[in-house]
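Q: Position chain C against the provided structure of chain A, taking the given hints into account.
For the record, the sequence lines run as chains A and C. The numbering of the first sequence is my numbering, which starts it at 1 and goes up by one. The numbering of the second sequence is my numbering, which starts it at 310 and goes up by one.
Derived by calculation from the structure, the hints in this document are not laboratory data. Only a predicted model underlies this, so the values are computations on that prediction, with no experimental measurement involved. Misleading hints may appear alongside valid ones.
Okay, the calculated bits of chain A under chain C, using three or more residues with CB under 8 Å as the criterion [what the hints assert, rightly or not]:
id, segment
1, 197-211
2, 254-263
3, 294-301
Looking from chain C toward chain A, a few residues come up when the C-beta cut is under 8 Å (computed) [stated by the list, open to error]:
id, residue
4, Ile373
5, Pro377
6, Gln381
7, Arg403
8, Arg405
9, Arg407
10, Met411
11, Ser419
12, Glu432
13, Ile433
14, His469
The beta carbon of each residue, even a glycine, is placed where N, CA and C say it ideally should be.
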Amino acid sequence: MIQSIARRLALGGFVMWGCVTLIFVIIRLAPGDQATIALGPDATAEEIEAARVRLGVEDPLFLQYLSYLGRVLTLDFGQSYRLGTPAMDAVLDRFPATFQLAIAAMTIAVVVGITLGTIAGGRPDGVVDRVVSSLTISLQSFPTFWVGIMLILIFALHLRILPSAGSGTFSHLILPAVTLAFPQTAIVARLTRSSLSESMQEAYVQTARSKGLTEPQVLIGHVLRNSMIPVVTIVGLQTGALLGGAVVVENVFAWPGLGSLIVSSVSARDYAVVQAAALLIAAVVVTLNMVADLTYSRLDPRIRIGGRA
Amino acid sequence: MSADMTPEDTGPLLDVRDLEVVLPGPDGPVRILDRVSFTVGAGRTTGLIGESGSGKSMTAMAIIGLLPRDAQTRGELRWRSEDLLTATPRRRRRVRGREIAMIFQDPLASLNPGQTIGRQITEIPRRDGMPRRELGSTAVDLLERVEIPDPARRANNYPHQFSGGMRQRAMTALALAGKPQLILADEPTTALDVTVQARILALLRRLRDEEGTAMLLVSHDLRVMAHVADDLVVMYAGQVCERGPAPDVLRRPFHPYTNALVKSVPAVHAKSAIADPLPGSPANPAERPSGCAFHPRCPLTRIMAQGVSSANAIGTPPIHERCRTEQPEVREISPGRWSACHFSSEEAVR
Chain A
1 MIQSIARRLA LGGFVMWGCV TLIFVIIRLA PGDQATIALG PDATAEEIEA ARVRLGVEDP
61 LFLQYLSYLG RVLTLDFGQS YRLGTPAMDA VLDRFPATFQ LAIAAMTIAV VVGITLGTIA
121 GGRPDGVVDR VVSSLTISLQ SFPTFWVGIM LILIFALHLR ILPSAGSGTF SHLILPAVTL
181 AFPQTAIVAR LTRSSLSESM QEAYVQTARS KGLTEPQVLI GHVLRNSMIP VVTIVGLQTG
241 ALLGGAVVVE NVFAWPGLGS LIVSSVSARD YAVVQAAALL IAAVVVTLNM VADLTYSRLD
301 PRIRIGGRA
Chain C
310 MSADMTPEDT GPLLDVRDLE VVLPGPDGPV RILDRVSFTV GAGRTTGLIG ESGSGKSMTA
370 MAIIGLLPRD AQTRGELRWR SEDLLTATPR RRRRVRGREI AMIFQDPLAS LNPGQTIGRQ
430 ITEIPRRDGM PRRELGSTAV DLLERVEIPD PARRANNYPH QFSGGMRQRA MTALALAGKP
490 QLILADEPTT ALDVTVQARI LALLRRLRDE EGTAMLLVSH DLRVMAHVAD DLVVMYAGQV
550 CERGPAPDVL RRPFHPYTNA LVKSVPAVHA KSAIADPLPG SPANPAERPS GCAFHPRCPL
610 TRIMAQGVSS ANAIGTPPIH ERCRTEQPEV REISPGRWSA CHFSSEEAVR
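One chain only, chain A, in its complex shape:
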């Protein structure tokens, strides 16, 4: 058990190193550099050259990379040249709002998605299944910005019961979380449905029926739990995706999250901030996946942590 957790941690570290390396290379492959963008179009070639030396971007890429890795190991993530603060502080400043939004959206997606998927999967190709299928396709097809604007129109402008933008209170959280939850709910519902209808073919379902259980009792008491492994996997992955990928929703609702910070940092070539954000998101995703892995063995006793095959 301890050995296998250690192995997972080591693997997680390896994944994070891979992420940082990829981001480090990709962002430097993009045209334009910090000096040109920071000094603006009026700067002379000499000024730019001097700034490049000062920022350390004149060194060979390989040396920059090595010195960056060395600093990361001592938990020094560099300075944001744009904000003038340590890069990780800027990221951590935005992280709680983003995390809150992602968790809220995923909670809605899990509750609504599993419910819809269970209702649909209990009787594949029935009427309810078709209705739920069209519903989830619509949920997934609406563009996020449009859903956000529609929700603002209805609940903020028309009904005046929820704030349209900003953050701080629970009511500020509702609209952006619901908007973000739309496509995620569809993903969870569809996955639950397909996993459930597959499990419905298993022999133990007939055994459950032979005990005189009603179909809902069979579904909830026997099938649901055995169909949850793919759902747990996708929820872990999607939560990670929401951490950095909620830019549109953050913009529509003026939500002070990580996504907008990353986008502005990329356009400003603020390498330190982008790298710090990538590192943090990678760490969270690795952790979430570990939690998902640990959940598998709770769902299916045949999967033992660190156990023999």
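A: Okay, now just chain C, sitting in the frame of chain A:
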């Protein structure tokens, strides 16, 4: 002995009358079961035997009411005095598990991998409101009755921690939990090693003797039947071809198909015994042959045909005209012995 044989005397527990099951197939509806009739007496074990595709498992599924949703049924399933086929879904559900229980073929696949054995076998009493404390002792008691050693510890195990034989015992305990009067056992020993098979059969026999539970045993294995069955129902292509007391049917079959089945079993104790396998492959209910479904494989019809017309071309074995055109009725040949062969009464069966 023959007194409790006749259904009229005691009234059978289960009386299957002209049961028909029609399933949609790729080329139109298929009559999987065709006018299947037999009875199961209280406390008796009735064996349902036939090759794969003969409809024996389908019969069991029809009795417990777990046919595919698109199946159509006709006929009667008289359970004591009510017809289960016309009962309400709610009533049918109440019968399931509590009056008629089922033991499934593959005990590993048929047990929920995510629940402990104890939880699974006590689900019926739990749903009926038994308090948690009593559930624990009920689980131990059930496992004890199916002879699982160390039942208190084993109740907390998951199915994958059980051996094949123990899983089938657990499955049996699960069936006993609702105190049913009839247990349907669908190939309960097929997935098991031969040595384990014998012990499971001994257990089933003991349960019949000690608890008086009637059983419908579905199997393709004649040796299993010889061990356990009191009565025998032989099925072919979704139809009953012979039924009667098991020892009599096995000793002197009236139907050529039963005869062929008995001959195809090698006698283990006799050194020189060579099994006489049945030629051809089982008839498919979707393409049931005309007349008697067994006629394309039947040795008897060839003998009978020779008696009628002595001149026959070499290479094409003659088929008796009646077997090819006329579907035989299941007739009572001698008291308690029923057979669906035009020539069952003839001496030629022997």
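Q: Hint by hint, say whether it matches the structure.
A: Here's how the hints hold up against the structure:
Taking a C-beta to C-beta cut-off of 8 Å, the segment 197-211 of chain A contributes 9 residues in contact with chain C, enough for the three needed, and the coverage statement holds. Coverage of the segment 254-263 of chain A by chain C is violated in this model, with 0 residues showing a Cβ closer than 8 Å to a Cβ of that chain against a need of three. Interface restraint, the segment 294-301 of chain A with chain C: holds (3 residues with C-beta to C-beta distance below 8 Å; minimum three). With 8 Å as the threshold, the beta carbon of C:Ile373 comes within range of chain A, its nearest partner Cβ sitting at about 6 Å, so the hint holds.
With its C-beta approaching chain A no nearer than about 11 Å, C:Pro377 sits outside the 8 Å limit, and its interface hint is violated. Here the hint on C:Gln381 is broken, as its CB sits about 19 Å from the closest CB of chain A, past 8 Å. Hint status for C:Arg403 relative to chain A: holds, with the closest Cβ pair at about 6 Å, below 8 Å. Residue-level restraint check for C:Arg405 holds (minimum Cβ-Cβ distance to chain A is 4 Å; threshold 8 Å).
Among the interface hints, the one on C:Arg407 holds; its C-beta lies about 6 Å from the nearest C-beta in chain A, closer than the 8 Å criterion. Against a cut-off of 8 Å between C-beta atoms, the interface hint on C:Met411 holds, since the closest Cβ of chain A lies about 4 Å away. A cut of 8 Å between beta carbons decides the hint on C:Ser419: the least distance to chain A is about 4 Å, and the hint holds. This hint holds: C:Glu432 has a C-beta 5 Å from the nearest C-beta of chain A, less than the 8 Å allowed.
Proximity of C:Ile433 to chain A holds as hinted, the smallest CB-CB distance being about 5 Å (cut-off 8 Å). Satisfaction of the interface hint for C:His469 is found here, the shortest Cβ-Cβ separation to chain A being roughly 5 Å, below the 8 Å cut-off.
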